[in-house]
Each structure stands twice: as C-alpha cells, then as structure tokens.
Amino acid sequence: MDVLDKAVYAELRDAAGADFVVELVATFMEEAPIMLADLKRARQQGDGDLFRRSAHSLKSNGATFGALHLASQARALELGGLSPDATPDLAAISRLEAAYQQAAAALQELARG
Numbered sequence: 043m044d045v046l047d048k049a050v051y052a053e054l055r056d057a058a059g060a061d062f063v064v065e066l067v068a069t070f071m072e073e074a075p076i077m078l079a080d081l082k083r084a085r086q087q088g089d090g091d092l093f094r095r096s097a098h099s100l101k102s103n104g105a106t107f108g109a110l111h112l113a114s115q116a117r118a119l120e121l122g123g124l125s126p127d128a129t130p131d132l133a134a135i136s137r138l139e140a141a142y143q144q145a146a147a148a149l150q151e152l153a154r155g
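For the sequence shown, my numbering assigns the number 43 to the initial residue and increments by one for each residue that follows.
A couple of the hints might just be wrong.
In silico EDC-like links for lysine to aspartate or glutamate, alpha-carbon gap of 20 Å or less [said to hold, decoys possible]:
1. Lys48 with Glu65
2. Lys48 with Glu151
3. Lys82 with Glu65
Simulated restraints on C-beta separations [to be verified]:
4. Asp56 with Gln87: 38 to 46 Å
5. Ala79 with Thr106: 30 to 38 Å
6. Asp61 with Ala118: 29 to 37 Å
7. Asp127 with Ala68: 34 to 42 Å
8. Asp61 with Gly122: 33 to 41 Å
If you're looking for bench data, these hints aren't it; they were derived computationally from the structure.
Bear in mind the structure is a predicted one, so any value in this text is a computation, not a measurement.
Note that CB positions come from ideal geometry on N, CA and C, so glycine has one too.
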C-alpha cells in the first residue's frame with residue numbers, strides 16, 4: 043500500500059492551489075505531533091473525550107491529504123475509544139506514530155515537488 047493516495051493529494055492541490063496545499067502540509071506537520079501527544083496524554087489520564095477528538099483530528103487530516111493508512115489507524119482509535127487495558131491503545135498509538143512519520147515524509151516530498 044502506498045503511504046499516500048496521490049490522486050487524493052492531486053485533487054486537493056487542484057482544488058485549493060499548490061501554494062495553499064504547501065501551507066496546509068506545513069500546518070499539519072506542526073499540529074499532528076501535538077495531536078499525537080494529546081492522544082498519549084488522554085490515554086495516560088483516561089480522558090476518553092480527548093482521546094476520541096485527537097484521533098478524529100488525525101483521521102480527518104490524514105484523509106484530507108490522502109494518507110489513508112494513517113487515517114484508517116486513527117479511525118480505529120476514534121471508534122474504539124479507550125480500552126480498559128492501556129497496552130493495546132499504546133501499541134496502536136505507536137503504530138499511528140509510525141504511520142504519521144511515513145505520511146509526513148511523503149507529504150514533504152510532494153509539497154517540494
């Protein structure tokens with residue numbers, strides 16, 4: 043599976059303009075690590091609302107850029123909510139972070155090109 047669905051990214055670029063998409067990518071790069079940190083904090087504090095909101099935001103942003111693997115993993119966390127046992131959530135967050143790193147690298151490459 044490709045990290046990014048380039049057709050989704052191309053549609054966004056065509057609709058919003060290349061320069062604006064570069065700005066959107068930069069904003070995503072700034073905000074996604076905060077969302078991931080919020081997700082971890084929510085898990086540690088047992089804050090189900092923050093957990094779902096953070097996962098939802100990552101899902102939505104990932105889908106906007108065509109990072110469908112990232113969006114799918116975030117969606118699973120959003121819909122699943124907090125597990126009684128933190129271990130599966132922490133493992134899922136770790137996988138989500140890896141998916142974000144892959145998506146971020148691919149987005150930066152497309153934004154430059």
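Here is how each hint holds up against the structure:
| no. | hint | verdict |
| --- | --- | --- |
| 1 | Lys48 with Glu65 | holds (18 Å) |
| 2 | Lys48 with Glu151 | holds (12 Å) |
| 3 | Lys82 with Glu65 | violated (26 Å) |
| 4 | Asp56 with Gln87: 38 to 46 Å | holds (42 Å) |
| 5 | Ala79 with Thr106: 30 to 38 Å | violated (20 Å) |
| 6 | Asp61 with Ala118: 29 to 37 Å | holds (34 Å) |
| 7 | Asp127 with Ala68: 34 to 42 Å | holds (37 Å) |
| 8 | Asp61 with Gly122: 33 to 41 Å | holds (37 Å) |
In summary, the numbered hints that this structure violates are 3, 5.
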